[in-house]
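Chains X and C, in that order, are what the protein sequence lines are. If you're matching positions, the first sequence starts at 1 in my numbering and goes up one per residue. If you're matching positions, the second sequence starts at 1 in my numbering and goes up one per residue.
These aren't lab readings, by the way, just hints derived from the structure by calculation. Incorrect hints may have been included.
Straight line, CA to CA, 25 angstroms or less: simulated DSS-like cross-link-like pairs of lysine-lysine [said to hold, decoys possible]:
| no. | chain 1 | residue 1 | chain 2 | residue 2 |
| --- | --- | --- | --- | --- |
| 1 | X | K85 | X | K979 |
| 2 | X | K930 | C | K479 |
| 3 | C | K434 | X | K808 |
| 4 | C | K434 | X | K809 |
Derived contacts from chain C toward chain X, CB cut-off under 8 angstroms, selection only [said to hold, decoys possible]:
| no. | residue |
| --- | --- |
| 5 | S26 |
| 6 | F29 |
| 7 | F165 |
| 8 | A166 |
| 9 | W168 |
| 10 | L426 |
| 11 | S428 |
Cβ atoms here follow ideal geometry from the backbone N, Cα and C, with glycine treated the same way.
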Amino acid sequence: MSRKHLSPEPQASIGALAIQNDGDVPADLVTTEERVVAEMDRRDFLRVGGTLAAAAAISTAACQPPTETSVPFNERPEGLRTHGKPKHYATVVDGSPVLVRTREGRPILVTNNPDDASHRGLSLRSHAALLDLYDPDRAPGPYSVRRGKGQPVAADWQTIGTEVVGRLKKGGVALLTGPVTGPATRALIGLLEEGLGVRHVGWTPIANDAAASAWKNAFGSTPMPRPRLDSADLIVGFGAEFLEQQGLGFERDFAKRRDPNADLSRFIQIEGRLSLTGANADQRIRARDSQLGHIAAAVAHSLIVKMKLGPLAGKDEVAAALTGFVTAPGVKTETVEMLAKALAAAGTRALAMAGGAASGAASGVLLETAVALINLSLNGYDAPVFDRSLSMSPTTSNLQGLAELAVDMRAKKITTLIIAGANPIYDAPAELNFADALGHVELIVSLNDRIDETSAYADYLAPVSHVFESWGDADLGSGLFAVQQPVLRPLYDTHGLLDVLVAWGSAAGVTSNIAAAKSLVKNETTLGYHYLRRFWQTNLMRDGIEWEALLRVGEVVLQKPEPIEIFPPEPNIPFELDLSALAALNDVLEYESAVELQLYAHSALLAGAAANNGWLQELPDPITRITWGNAVSIAPRRFDDLGLRNGDLVDVTVGETTLTLPAYRHAGMAHAQIAIPFGFGRIRAGEVGNNIGTNVFGLQSIAKGRAIHSGLAASIKKNGGHEELAIGQGADVVDRVRRPIVPLTTASEFKSNPKAGTEQFSGGASAWPKHEYKNQRWGMAIDLSRCIGCGQCSIACQAENNIPVVGKKGIIDGREMWWMRVDRYYDAPKKAGGWGDDVYDAPLEVVEEPVTVFEPMLCQHCENAPCETVCPFNATIHSEDGLNQQIYNRCVGTRYCANNCPFKVRRYNWFEYSKPKTHRFFTMLFPELKRHAVLNTRGQMQLKNNPEVTVRIRGVMEKCSFCVQRIRECRAEAIRQGKDKNALPDGTVITACMAACPTEAIVFGDLNDTSSRVSALSKTPRAMRLLDSVGVQPSISYLTKVRNDKV
Amino acid sequence: MTRSSPYATVFDDSQLTGRPIVLPGSGPFGGDEEIDEPWVTGGKRYVDIDRDVCAHTEQFPTRRWWIAFGVALCLLGLLVFSLVSLAFVGVGIVGPNSPVGWGTFIVNFVFWIGIGHAGTLISAVLFLFRQKWRTGINRSAEAMTLFAVACAGIFPIIHLGRLWFAYWLVPIPNGRGPLWINFNSALSWDIFAISTYGLVSAVFWYVGLLPDLATVRDRATHPWRKKLYNVLSFGWNGSNRAWRHYESAYLILAAFATPLVFSVHTIVSFDFATSIVPGWHTTIFPPYFVIGAIFSGFAMVITLMTIMRNVFNLKNYITINHMEAMAKIIMLTGMLVGFAYATEFFMAWYSGSEWEGFIFRNRAFGPYGWSYFIMFSCNALIPQLFWFKRLRRNPAVLFIIAILVNVGMWFERYVIVITSLHRDFLPSSWGMFKMTFFDWSILLGSFGLFFTLFLLFVRFLPAIAMSEVKGIMDPKVAKTIVREN
């Protein structure tokens, strides 16, 4: 890029912004202004604005417009600005309703919104959106990209606006966006479609088209009701992935039923690749993706034809359609019968789920249809396991729309393309050859936030603001909508999507609601705000809700929609589906080298839109633990047969395409299955995310209007090369007989012995005097039964505690900085092994059918902390409230404490991550230093830092502090309010990890307070404090993970 | 030749057998008398010693010396460059990581401290035990001790993350809080142990040097040289009184230094033994470390003496019998070290502790099994060759085995530090350790520092304790004119 920052000093604009946002404009002022403007009639408006509209479109280069009033979360005296106190704004990001914590005007943390009624929780990307805001690779202003010919040159909004508006008037314009859920945004696009004939195509690279089409085939346009995992006694997942991407509330529902003292649910998963969801299953059955449809159909056959359950029993055409599915390939007949029996026994409390990557196979529609049949015959898509008052229809990719768009672009029917939030050059199936189609378009304007893969083909880049800088809205489902309000003024010369679309639309002559919005304002940059506000006030807000009140909470509940009506009594069951594709694949798989490939959404990066985010790149995949890249997962036995080691390169051939990726020995894979995650191999994501891993979107094929990304016939061959995988975790297997470090048991054992699974070696007596805790003693309880291993706690901790990103080399070298990590173990089957009979090299008998357990690991704040005695500088000491404190100023860095820490949770600043090292000689000698600056300190990245937490210098040790800054803040607040600082009510202090945990597995509090949750939990028989035999006596209790082994 | 001086006919190593000389009928009761073979050969007179030893400080250094010094200086330069990089960029440039928080710096530290042990043992312990053969080698062995301690001393400092605050480790009253050290930590004990050891060794060495410095002074022709060595020898006048004081002081210092031989490495072993890391947390460490230190120290002395014998033509003073005596000590300590290895394994099994058991299985058969193999074969097996007298008396074999022992002892510390840390309690935190370029350059650089100092020592100071060697010579030979000219 030829230009760095158009906007002045970032700090200066931040400062200005602080004044803007903190000095909330009184509500009445806004309304007065509105009234005045509203009194202008349309003729006046046109006279004033008409000539300016097209030209001025959006221009802020000269003057800094006032931001519109955004309203902070209601937790402080009205209108008061307290220096040094954080302010929270309710907004919505990545579909998650959140609070954004700001300090002196700059966002420093994304956390959950306690007033959120949707209970969806946050996704990993919504936590990490904070880092995207400060991403220095975002375009600082509009560019003339010139279709990637030569260097992009700076452009201005006015030129681009004029050109686009001219085109809009002429017609032949298409708008290509990502998924759009906000009602106002959708309505606005609708206006453009109606008024200007703009063609809108929404494109989602990873969606569940199979489910959508199966549902439509069977039930028409009826929306799909929301599954209630918390009401299901038995969940059978056919490649289900409801825990992979948090932020839809499934993880919360699932965890609600994982309390072994209450009614434990049972979850059986049948899948090809061990997924996060499958790892949380009570029982796992391995079968490759393309067989899942058959298996599900066989189960449906058992239920409907053999057991005659549900409304479809006795119907001849159903029986006829199911005759082909008496048995299923890949699994034993007994397994099918076991599943059918279990489902039938659970009756209306049984729930079948699909919707994972397996549904992307050619047989995906069969799978989804069979799952629908199972649900229909067991629970009728009704309470308790489905909530008909809530709809949750499967997502669709709109591949058809994108394909048609490409055709029309080639046919010159589309002469102008506006791209907003879509990146088809990167993520569309290769068959579309979208790059070629773009060549036929006369004008391409990209509204993406950087010159990404697709924007490089554009004429202009008109970057839209980050969600924290702009107005918008979102549909949270369940009749709930949320406003996306800006938290700070744009850092760069960017505008919100709504602003841009309203300005261009109105300039091109769309009237109606847009014109009404435009008539409200003097300055065009706030068009989006006024449009949004008008739309919401007219269409969404019930009487009596004030706009400011809405912004405070961030979302609004419409009247609950009518419960979804019962489905057509005789669903149309299209069983002639895709069987040919399956047969073809079975033929291919006859050969030993042939395997079927699953391409799946990466748990953190999803489809790779946030690939430039170091936090997400460095968050280990919950199962593979791979960071910074993707690998091809191979079943352990095949992996061993091929003579591979983790990281050995293999050539994966699908059709004509061959890609070379490092191999990974993936536990629990079906033998014929291989898998690669999407989301990597970006080439224009930015300095952080460029050339990380391999892009596998191109391996998809298109069949029957769907992108097939699973069950792809592939072959793998050892390449001979090697690429080190950045895996932070050491060994994968834990032998609990020898190393009782994870409390794990089964429901039947738990029933007879509530202490089952917590057994460990006894320890000797301590020579040290006991610490005295006169007031508080902070402690934590982590319920492994509830923990699903998602890693949200790690990301939240990273944001809260200013934890640097170390990069791929850092992870490979073992320099990870996570204060909180989630360990993933495969439990070795109990057996009395002899001396020397170790399981740590992950033998096949452990990893082929793994029992997975997740264990969040952080500083245990030991009573007898081994780190404290060995530090010669007294830099780590015990506080009077039970914290193991690390004093950075005093630490000189012997690393003795880290050696002596049995949990290895102490992190060392091997380099100066917090200051850019620019010395020419040393950066030449150690290129790593440049990478550290890219990852942590480039541009204005450090504005993300939490001012309450010290930024550590190189050479000092650091570790989890139990969020001591939050403890001290709460105590200080108690003092200010005249309360007893030593008797904070339970729940006052909430650590970042606890707040972020979507399943409430983490409970923090005062162990001395007998009424606190944490002290109750740590006294239950399930509580286990690790390493009794070493005698460290941690302050953290792990509660047994109880697997439901009921048959 | 008279019967009473059988030494006069021994001119070089080839006439030495390593067995006592049997003098029939000269025993106190008329039987055979067995006396040691001479510790100085070549029929040297007292004056020859002065000439042979001091000559190296008096003439322009030889070409060989310059080559050796050049190489040592290059390595020292590499050390300086590496340390500047380290100070500027951070500890990240060397291998340690999580979980292996200590890397080659601590390995080198323990290695060099161990090397330093032989010097004091030879000077003090063997002095107290009246072992005459110590006189030929004690000066250089002591010098070796000092330089090894100097090398060792840099490692605990450079391995700190913020080495510019290393002085915070010294418990002196201060205005930084006041910031006081944690006396519970074995690292703070190290400070006392090493500084005491360094200081006492230096004093002991220097006191021993005084008469010889006076000899150099007396031989000096240039007035400035005379003045300089006069100052260095504290004006030693060789009077009876001076000798009496000197001998008492030397005896007291020897008594003082003797416990240090055992205490220093005991305390260094506490760095490991007082932790809870499996593989470190063992009570065998103090004796095991001390024995290992003596073992490696003697190996280093053999290495240096082999070079000195040849380069400076001192074969008459450092005879093959000296070398054999050291080889015997190496064999003994090598077996003790091997016994310690076996004991460790036995205890790991006998304790029934899984943590302990695993770490030892992992040491020998895990990913670092190769380092255990090097350690075990070099330290416990190869010295067994010294059962053969012929091999004990073969300088080439001695030299090779001594170097192998030093390699083995470096790897012993590598095994202890790295393999214990790389797989401890939680399998999730296991990791591997890789040496970077800077790990190697600093290791080699420390040898550069050591040899630079040693080469300067042999250039400027008498490398053999002349006064002590004179004391063990047969006066009948030393005072007689055996050869003309």
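Here's how the hints hold up against the structure:
no. : hint            : verdict
1   : X/K85 x X/K979  : 19 angstroms, holds
2   : X/K930 x C/K479 : 73 angstroms, violated
3   : C/K434 x X/K808 : 16 angstroms, holds
4   : C/K434 x X/K809 : 13 angstroms, holds
5   : S26             : 61 angstroms, violated
6   : F29             : 60 angstroms, violated
7   : F165            : 5 angstroms, holds
8   : A166            : 7 angstroms, holds
9   : W168            : 6 angstroms, holds
10  : L426            : 6 angstroms, holds
11  : S428            : 4 angstroms, holds
Consistency note: the structure conflicts with the earlier hints numbered 2, 5, 6.
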